[in-house]
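Protein chains: 2
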Amino acid sequence: MDAIKTAGVEIVYSTLLRKRESTDADPDVPDDEINDPATEEIFTSWAIFILIALLIGSLWTSYYLQQKRIRTVHETIISIFSGMLVGLIIRISPGHFIQEHVSFSYSYFFNLLLPPIILNSGYELHQANFFRNFATILSFAIIGTFLAAIILGVILFVWTSLGLEGVNISLLDAISVGAALSATDPVTILSIFNAYKVDPKLYTIIFGESLLNDAICIVMFETAQKFSGEAFKISSLFKGIGMFLMTFTISLLIGTIVGFTTALVLKHSHVRRFPQIESCLVLLFAYASYFFSNGCHMSGIVSLLFCGITLKHYAHYNMSRRTQIAIKYIFQLLAQLSENFIFIYLGLSLFTEVELIFKPVLIIVTAVAVCASRWVAVFPISKVINMVYRRRVPYNHPVVDEIPNNYQMMLFWAGLRGAVGVALAAGLTGEHANSLKATVLVVVVLTVIVFGGTTARMLEILGIRTGVVEESQSDDEFDIEANFRERERTRKRTTGVYSGGSSDDVRSRRSSYHDEDDDNNTEGYSDGESDTSDLPPMSSRRQSVAMNSLKRSETSSSSLSGILSRSVDEHARWFQEFDDQVLKPVLLDSAPTEQSPQGSNR
Amino acid sequence: MDAIKTAGVEIVYSTLLRKRESTDADPDVPDDEINDPATEEIFTSWAIFILIALLIGSLWTSYYLQQKRIRTVHETIISIFSGMLVGLIIRISPGHFIQEHVSFSYSYFFNLLLPPIILNSGYELHQANFFRNFATILSFAIIGTFLAAIILGVILFVWTSLGLEGVNISLLDAISVGAALSATDPVTILSIFNAYKVDPKLYTIIFGESLLNDAICIVMFETAQKFSGEAFKISSLFKGIGMFLMTFTISLLIGTIVGFTTALVLKHSHVRRFPQIESCLVLLFAYASYFFSNGCHMSGIVSLLFCGITLKHYAHYNMSRRTQIAIKYIFQLLAQLSENFIFIYLGLSLFTEVELIFKPVLIIVTAVAVCASRWVAVFPISKVINMVYRRRVPYNHPVVDEIPNNYQMMLFWAGLRGAVGVALAAGLTGEHANSLKATVLVVVVLTVIVFGGTTARMLEILGIRTGVVEESQSDDEFDIEANFRERERTRKRTTGVYSGGSSDDVRSRRSSYHDEDDDNNTEGYSDGESDTSDLPPMSSRRQSVAMNSLKRSETSSSSLSGILSRSVDEHARWFQEFDDQVLKPVLLDSAPTEQSPQGSNR
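Residue numbers (this note's numbering), protein chains in the order written: chain A, 1 to 602; chain B, 1 to 602.
Simulated from the structure, these hints should not be mistaken for lab results. Among the hints, erroneous ones may be present.
Repeated chains share a single entry, so a pair holds when one copy, or any two copies, can fit it.
[Stated by the list, open to error] In silico DSBU-like cross-links for lysine-lysine, where the CA-CA straight-line distance does not exceed 35 Å:
(1) Lys68 / Lys267
(2) Lys226 / Lys584
(3) Lys68 / Lys584
(4) Lys239 / Lys383
(5) Lys226 / Lys239
(6) Lys226 / Lys383
(7) Lys383 / Lys233
(8) Lys584 / Lys267
(9) Lys383 / Lys267
(10) Lys584 / Lys312
(11) Lys383 / Lys312
None of these values were measured; they are calculated from a predicted model.
Model the full structure from these sequences, guided by the hints.
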């Protein structure tokens, strides 16, 4: 019956508007009616050209901003606004072809745009840092996101039950929206953090949280949708949690197994003699883990993330040098293009998605609820984590918070919502789906603009350590300007003063150095662009300088930091030994150099 | 009326088969009916996973074949057969979701798969070789393709007029099919030629012809489709030729202008300080030329090809070293993936395109007609070209054919049809469209299997020079095995003998060396994989070795070849001077090193 209704609606549409040319992927419709490839091709070309032009524009602005050292306006915000501008133009101009081709498709999002970002994140991850803070990250990602989604859902349900705007949704739908709107954006805030070289520990926690959190929101959303139509029971809550944990574990295993397989294949074959084939294979294996996992109703994001981590940890050392470089560049380039694309898409969708219904009050309520739920997800959990860590400090030592107050505030501020939410919301069904979609879209754009636009200022206000030499760019060897920079760096270094820092800093800084060595050359102490001294004045900026001397003098016996790191590392040690004595000999072709993160930690 | 009919057909389909879930891009249909993102997502994931698995399989086979030095079976044929196998399995298995998602979409083909191949071809092109043979290439590409399409069209028209199989098409439709089936494939034959390191001149002619010929077929096809419905007139023939020439020129200009712009932007900015942004911008500029050109009803292929050439000739020198490497690898990787994808797609389509109607006799007639039309396109034109060149040789010198008989035969053999034809045929409309599409698909697959599978043997039979050191792989510096190879090479070199060759060889080999220098480092004499000596025994294989000494002793006064090359170069000289004295100073940041192709030619 529904199908007939659909078809009936179509008759009206096709006779009146003749818009059916866009359904070239639809094999049910006879070709002689639909397939006008010439027209189709032309309009697709224009749509893609517009997107490419927007991409060029936002990348160029990004370059200009970096060149002029303007760091308050961020490239993602430029992307969103340029997308909105062009969306507006397309909306008011006659014709619907281009409008249809540039509108947000969650299918493209999940299959084309998201994977490169996740893969690159996994590949570029500071592994030592990530696993050292794994417990903290998981607490925020799992418990925090769960709390946030439930609270947001409940607020939404209560508000809509009042019936002020004629929107009336079920609790499960409300929780679905809550889940969609709890996915934080791993892009904007981290590129700002990268630009400012923020303290690696805070960086890692936010990075890890926003990455895992996407996966968790997707699983929560899908779980909620599965229960759609059933009455809400407490038992289904536990069932949902069980399903979630199972999904997470299996996805993690899929990713890791694919990573292991790639390492073994590279080790036991001579593919490295054909670097072109080798790079294709590595890329394809990674993508295969994503789509296989998705196909099995698991979380592709989790699989891809851990596949990327495993690839970097093992397979990387079995590749030819050419493939190492090619893979790194390709992942970076695809990720950067996808990120910009997504924000342009978001801006565009505000105007090109014709069927959206905007409810102003609902949007305001949701925006406030998003902040409230983020508040609940960050502060109580931080307090619990601090308590747990405090108990592990020996009695006669001064108490240091694992997550100090300014970090908590920054974590709250980092809660801007991302495109994953919009893509999830595209899957909402039911009477009020279009209102909810519009709400999600607007709230996401609002949080990106408000929180993203003020992150730089917040770093300053909260006095968060910036200018930390965090990651070596191992690509300096190919840089025309490298020599020039090297000279600059040497000049600046002689004027630097070391001003000390909390004991946490020492630990986190050390772990950051370990990962530096993990990059594939030993000249890893050069810090990409050393223009950190040109940053706006900030509390602890001067710390960025005297790091090399620090590293060399640092020993594991340095009193407080040593005890703390030992106590935290205790749990990771068994894995490290297992890794060094079993996994690496099996998976690696030749052992990595002595400077590898694990090697230097023993 | 047609729309209503369509919708009526839809009612039947949707009620019976419930297949409409695949139309997620269709904004006309209410969302609550169609958008089941979970199911949709799962099936898309499986479809993509299958394609990725096939890609991995064919790349792995390709590695295996190369490793075992089996060169008679080529990876494209593996790709087609594996595609066919999986297509068959999908066809006979229940359910239609995956079948719909993996079927051939010309939109993906033109917007996603084709551009990387063309761009990489333009970027990797041996410029000196290409422009030295430009007249020959254009003759084959324009006149040859035009002749082939007309002859093929007429044969098809005459055959179908007999009405033996109930297929009855107009002359214009027949010529459209002729145009679609005249697009030769630039992938298979050239990768075989690459593996065998075939004489650069023959390589360049076939390469240039098959590249340009795609563009020409597309323009011809679209021109023919524009006249569709009108009566055939002689005047429309001239109009068509005029339109074609205009399209070609404007497309060439668009590509060149975009290339120039990129070079200027890179020169006059400091983007090279941000290599990540720089690589994205170069890629985007190139793609912009393609889609802009397509959007303007011009030929995107021609634009992209010349954009790639201009980028390599000018913009390349203004990039940071990191971007130079990144761009090269990314173009190569994308091209390789696309190529394999296309052939898998072709194989799949044979079984997954449910609406195709196969007419055995029509297919046989078309296959024979394709050979006949290729024959006409190659041999008469070769004779004319030989005549023209012969008149330019001074009276008392021995006559040497510009295109000797074995080259002509190889040109004929290189006429396997490619995916462009299938993609064009997807645009056919009318009563017998499905029969024609099926015919084109089968004939393309047949020619790839028959001609592609026998190319290696033909090279041997025709005694064509192989094992020519043709292109330096400037990436050796990153290769784990490079040192091993270097030793191998040195060993082999000492045993090599130079066995001479025709005067043509000297010229073409010299030009090949010029382009070798065009690569971006001065260690350009190393020949990627030097396993040429492990090729099956062939007539002039031993020539591959003593090239370095030859190059050094070669002077422009070497009697016959000097005269010949001077006479051919005469026409190119004005451009070269213009290039050196006007374009390069304007477009380049710093003059390229003295070993540049143009530099050493002066």
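Within, between, both or neither: Lys226, Lys584 at alpha-carbon 35 Å: neither (41 Å within a copy, 63 Å between copies)
At 35 Å max between alpha carbons, let me know whether Lys68 reaches Lys267 within a copy, between copies, both or neither. between (46 Å within a copy, 18 Å between copies)
Is it within, between, both, or neither for Lys383 and Lys233, if the alpha carbons may be no more than 35 Å apart? within (30 Å within a copy, 85 Å between copies)
Is the C-alpha distance from Lys239 to Lys383 at most 35 Å within one copy, between copies, in both cases, or in neither? Cα proximity of Lys239 and Lys383: one copy only (28 Å, versus 79 Å across).
With identical chains treated as interchangeable, where does the CA-CA distance between Lys68 and Lys584 reach 35 Å or less: within a copy, between copies, both, or neither? between (45 Å within a copy, 29 Å between copies)
Homomeric proximity label, Lys226 with Lys239: Cα distance no greater than 35 Å: The answer is within: 11 Å in one copy meets 35 Å, while 61 Å across copies does not.
Alpha-carbon proximity between Lys584 and Lys312, which holds within one copy, between copies, both or neither at 35 Å: Only inside one copy: Lys584 and Lys312 sit 12 Å apart there, 42 Å across copies, limit 35 Å.
State whether the alpha carbon distance between Lys383 and Lys267 is at most 35 Å within one copy, between copies, both, or neither. neither (46 Å within a copy, 54 Å between copies)
Cα distance capped at 35 Å. Does Lys226 pair with Lys383 within a copy, between copies, both, or neither? within (34 Å within a copy, 71 Å between copies)
Between copies, within a copy, both or neither: which fits Lys383 and Lys312 at Cα up to 35 Å? within (34 Å within a copy, 58 Å between copies)
Please work out whether the CA atoms of Lys584 and Lys267 approach to 35 Å or closer within one copy, between two copies, in both situations, or in neither? Answer is within: at 11 Å inside a copy they meet the 35 Å cutoff, but 46 Å across does not.
Checked against the numbered hints given earlier, this structure breaks hints 2, 9; the rest are met.
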